[in-house]
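S.K.: Listed here are the chains, written in short residue letters.
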Amino acid sequence: MAALIEGRTGEWELVIGLEVHAQAITEAKLFSGASAGFGAEANTHVSLIDAAMPGMLPVINERAVEQAVRTGLGLKAEINRVSVFDRKNYFYPDLPQGYQISQFSQPVVGKGEIVLDMEGGESRAVGITRIHLEQDAGKSVHDRDPGHTLVDLNRAGVPLMEIVSEPDLRSPEEAAAYLAKLRSILRYLGTCDGNMEQGSMRCDANVSVRRPGEPLGTRCEIKNVNSIRFLRQAIAYEAQRQVELIESGERVVQETRLYDAERGVTRSMRSKEEAHDYRYFPDPDLLPLTLTEDYIEGIRATLPELPDEKKARFVAEYGLTEYDAGVLAAEREIAEFFEAVARGRDAKAASNWVTGELFGALNRRGVEIADSPVSAASLGALIDLIADGTLSNRIAKDVFEAMLETGRDAASIVEEKGLKQVSDTGAIEAAVDAAIAGGAKQVAQYRGGNEKILGWFVGQVMKATQGKANPQMVNEILKKKLGG
Amino acid sequence: MSVDKSTVARIAQLARIRVPEEELDGLAGELDKILGWIEQLDEVDTDGVAPMTSNAEGMTLRWRRDEVTDGDRRDDILANAPEAQDGHFVVPRVVE
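Protein sequences, first through last, are from chains A and B. Residue numbers for the first sequence follow this note's numbering, beginning at 1 and rising by one. Residue numbers for the second sequence follow this note's numbering, beginning at 1 and rising by one.
Honestly, the hints are just simulated from the structure, not real lab data. Errors might be hidden in some of the hints.
Claimed, not checked - Chain A stretches covered by chain B per the calculated footprint, using a threshold of three residues with CB under 8 Å from any CB of chain B:
no., region
1, 149 to 157
2, 276 to 282
3, 302 to 311
Unchecked claim - Restricting the straight-line Cα-Cα distance to at most 25 Å, the calculated cross-link-like pairs of lysine to aspartate or glutamate (DMTMM-like) are:
no., chain 1, residue 1, chain 2, residue 2
4, A, Lys76, A, Asp193
5, A, Lys139, B, Asp70
6, A, Lys463, A, Glu401
7, A, Lys463, A, Glu451
8, A, Lys139, B, Glu57
9, B, Lys5, A, Asp277
10, A, Lys139, A, Asp204
11, B, Lys33, B, Asp45
12, B, Lys33, B, Glu21
13, B, Lys33, A, Glu19
14, A, Lys76, A, Asp145
15, A, Lys181, A, Glu401
16, A, Lys139, B, Asp72
17, A, Lys397, A, Asp433
18, A, Lys139, A, Glu122
19, A, Lys397, A, Glu357
20, A, Lys468, A, Glu322
21, A, Lys397, A, Glu336
22, A, Lys139, B, Glu83
23, A, Lys111, A, Glu78
24, A, Lys139, B, Asp76
25, A, Lys223, A, Glu13
26, A, Lys348, A, Glu322
27, A, Lys139, B, Asp86
28, A, Lys139, A, Glu162
29, A, Lys139, B, Glu67
What the hints assert, rightly or not - Negatives, chain A to chain B, calculated, CB over 10 Å:
no., residue
30, Arg8
31, Val115
32, Ala176
33, Ile185
34, Arg187
35, Pro212
36, Gln240
37, Pro288
38, Thr290
39, Thr321
40, Phe359
Every residue, glycine too, gets a C-beta built ideally from N, C-alpha and C.
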């Protein structure tokens, strides 16, 4: 659903296309044998090829090609049997070659699709235009030395997959959902780690506004947005800016803008620079990249189950709601954790524990599921103790807290703290008798028709048994005795 | 096609080559002749022929295994840098 923007002069439609730069997971760089790893000391992951020393020749990394093809297959895209590397020419200190090796007219991956799950169970297909392989540039450091810029070439030549969407997105929320879904798919595929803070996934947004049904308006490109939240904010701000500009009789100028997260605004980035003229031409150092049918099918055969398929299976196999299935399938690690808990158990209970107690605990601690203090096996064992009547749900939550604190398993905590649920009829009857004996007034109220007062008796019994009495048995015995 | 002075100035700017004003006219004439010579290729009928992106007939792109075999040679990398600091190249300040 297109969310229209209400301007002073009527409604406006927002049109967004995203370009995502995803670093392909590899050991080495796209065209050299230097490490593609993050966080090393400056200029230690640089070969003579990355530094563009004269006479050095690029040789393509097979794994980078495989990752691009795998990503294309995961996005149900056409894989081009022949693609070509071009030189994109521009001068910048962090680009020693004076050109970036990229793919222009013949990218390795063509048209594909991503399906977004929007709120309210609605789904939206968003077109992928293309994916091409290209080199990353180095890093310019501006804040170390007031008079100079320092350049670190560790990132220069790291393999990037540029994933370009069609201008199919119509709201900041859709753009955010697209980026989140793309990230999820890349992580499932194992082709990009999706780490936006470290810059292994970066996003540029092309934003324009128009009257509904009219041709596209002039667009601005917002560069290097480094979180999903900032993407949403940057697009919302930029759309509003363009609407106000047009409504006050001015024109939107096509330009590159930068999102300033601190002030929540976008600002013009290189208005003084001359219009770019990249003068692309085929890189004479590289022959066309040709892929055989066998090669492509070989990669297809190793694709994992992806989030959409997994979600559908969770609904069909475990009887989960679409919403719960979507939450559990969004991240591969979460899905695997859930399935390990659910296997051979009540899947609904497993889903509730994972999305409720576990997610709550992980959020409070700010840790990822991979670092969960409670393993899938231990959470499963805890659920078993509820299923066999050893623990009530309420006590199980206390046990879970103790598991989080100590990292120990449920059974030993129950044993040590004596938390085992009391299901012994004699013991419960004694506690019920005591409660009835101590509550003559409440007994009269109950027998006078006030059934809500039953809760008072339950409370007394629970207090007497430190919460360990089997609640179902307490209810039954109370009703029997009070009714008699 | 004819190359004028302003086109030469623009090409020089894109290539970051400083060309004195008085040389622009001469270069425009030379470039014009070169382009005219190359334009003879337009006489060849290329309908239905795919654009050629490489002249290495019969050869295929070589692929490399994904292994770290290079790097850790910062002194070599920085050896020709006019100025270096903390392992970085130092360049005039580039402000966006």
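S.K.: Determine for every hint whether it applies to the structure shown.
M.R.: Taking the hints in turn, this is what the structure says about them:
For the region 149 to 157 of chain A, the stated coverage by chain B holds: 5 residues have a C-beta nearer than 8 Å to a C-beta of that chain, and at least 3 were required. Proximity of the region 276 to 282 of chain A to chain B, defined as three or more residues with a beta carbon under 8 Å from a beta carbon of that chain, is established by the 3 residues found. Look at the region 302 to 311 of chain A against chain B: 0 of its residues bring a Cβ nearer than 8 Å to a Cβ of that chain, fewer than three, so the hint is violated. With a C-alpha separation of about 20 Å, the suggested pair lysine 76 (chain A) and aspartate 193 (chain A) falls inside the 25 Å cut-off, and the hint holds.
Between lysine 139 (chain A) and aspartate 70 (chain B) the alpha-carbon distance is near 19 Å, which keeps this suggested pair within the 25 Å criterion. Restraint check: the Cα-Cα separation between lysine 463 (chain A) and glutamate 401 (chain A) comes to about 20 Å, which is no more than 25 Å; the hinted pair holds. Between lysine 463 (chain A) and glutamate 451 (chain A), the direct Cα distance comes to roughly 20 Å. Compliance with the 25 Å bound is thereby established for this hinted pair. Restraint check for lysine 139 (chain A) and glutamate 57 (chain B): not satisfied, since their Cα atoms lie roughly 38 Å apart, outside the 25 Å limit.
Annotation: proposed proximity of lysine 5 (chain B) to aspartate 277 (chain A) holds, straight-line Cα distance about 18 Å (limit 25 Å). Restraint check for lysine 139 (chain A) and aspartate 204 (chain A): satisfied, since their Cα atoms lie roughly 18 Å apart, inside the 25 Å limit. At roughly 22 Å between alpha-carbon atoms, lysine 33 (chain B) and aspartate 45 (chain B) fall within 25 Å of each other, so this suggested pair holds. Pair hint lysine 33 (chain B) plus glutamate 21 (chain B) holds up; C-alpha atoms about 20 Å apart against a cutoff of 25 Å.
Note on lysine 33 (chain B) and glutamate 19 (chain A): the hinted pairing is violated, with a Cα-Cα distance of about 41 Å set against a maximum of 25 Å. As the CA atoms of lysine 76 (chain A) and aspartate 145 (chain A) are separated by approximately 47 Å, the hinted pair breaks the 25 Å bound. Note on lysine 181 (chain A) and glutamate 401 (chain A): the hinted pairing is violated, with a Cα-Cα distance of about 32 Å set against a maximum of 25 Å. At most 25 Å may separate the alpha-carbon atoms for a hinted pair to count; lysine 139 (chain A) and aspartate 72 (chain B) meet this at roughly 17 Å.
For the hint linking lysine 397 (chain A) to aspartate 433 (chain A), the alpha-carbon distance of about 28 Å lies beyond 25 Å, and the restraint is violated. As the CA atoms of lysine 139 (chain A) and glutamate 122 (chain A) are separated by approximately 41 Å, the hinted pair breaks the 25 Å bound. Distance check on the hinted pair: lysine 397 (chain A) and glutamate 357 (chain A) sit about 8 Å apart at the alpha-carbon level, within 25 Å; holds. Under the criterion of a C-alpha separation no larger than 25 Å, the hint pairing lysine 468 (chain A) with glutamate 322 (chain A) is inconsistent with the structure, at around 35 Å.
Taken as a hint, the lysine 397 (chain A) and glutamate 336 (chain A) pair is honoured in the structure, with Cα atoms around 22 Å apart against an allowance of 25 Å. Taking the CA atoms of lysine 139 (chain A) and glutamate 83 (chain B), the gap is about 17 Å. The hint holds against a cut of 25 Å. In summary, the hint linking lysine 111 (chain A) to glutamate 78 (chain A) is supported, as the alpha carbons are separated by about 6 Å, within the 25 Å threshold. Simply put, lysine 139 (chain A) and aspartate 76 (chain B) have alpha-carbon atoms about 19 Å apart, close enough for the 25 Å limit, and the pair holds.
A C-alpha spacing of about 21 Å is found between lysine 223 (chain A) and glutamate 13 (chain A), which places the hinted pair at or below 25 Å, so the restraint holds. Distance restraint check for lysine 348 (chain A) and glutamate 322 (chain A): the Cα-Cα separation of roughly 13 Å lies within the 25 Å cut-off, and the hinted pair is therefore satisfied. For the suggested pair lysine 139 (chain A) and aspartate 86 (chain B), the alpha carbons sit about 14 Å apart, so the restraint of at most 25 Å is met. With a C-alpha separation of about 18 Å, the suggested pair lysine 139 (chain A) and glutamate 162 (chain A) falls inside the 25 Å cut-off, and the hint holds.
Among the hinted pairs, lysine 139 (chain A) with glutamate 67 (chain B) is consistent with the structure: their alpha-carbon atoms are about 23 Å apart, no more than 25 Å. Every CB of chain B lies more than 10 Å from the CB of arginine 8 (chain A), the least distance being 33 Å, so the non-interface label holds. With a closest Cβ-Cβ approach of about 31 Å to chain B, valine 115 (chain A) is found to remain outside the 10 Å limit, as its non-interface label requires. Interface exclusion of alanine 176 (chain A) from chain B stands, the closest Cβ pair being 26 Å apart, more than 10 Å.
For isoleucine 185 (chain A), the shortest C-beta to C-beta distance to chain B comes to about 22 Å, beyond the 10 Å cut-off, and the non-interface label holds. Consistency note on arginine 187 (chain A): stated as away from chain B, and its beta-carbon is indeed over 10 Å from all of that chain's, at 19 Å minimum. With a least CB separation of 35 Å from chain B, proline 212 (chain A) remains clear of the 10 Å interface cut-off, as annotated. Distance check on glutamine 240 (chain A): its Cβ is at least 24 Å (rounded) from any Cβ of chain B, clearing the 10 Å threshold; non-interface status holds.
Distance check on proline 288 (chain A): its Cβ comes as close as 6 Å (rounded) to a Cβ of chain B, failing to clear the 10 Å threshold; non-interface status is violated. Against the 10 Å criterion, threonine 290 (chain A) falls within the reach of chain B, whose nearest CB is about 6 Å from its own CB. With a least beta-carbon separation of about 42 Å from chain B, threonine 321 (chain A) lies farther than 10 Å from that chain, consistent with its non-interface assignment. Every CB of chain B is more than 10 Å from the CB of phenylalanine 359 (chain A) (nearest about 36 Å), matching its label as outside the interface.
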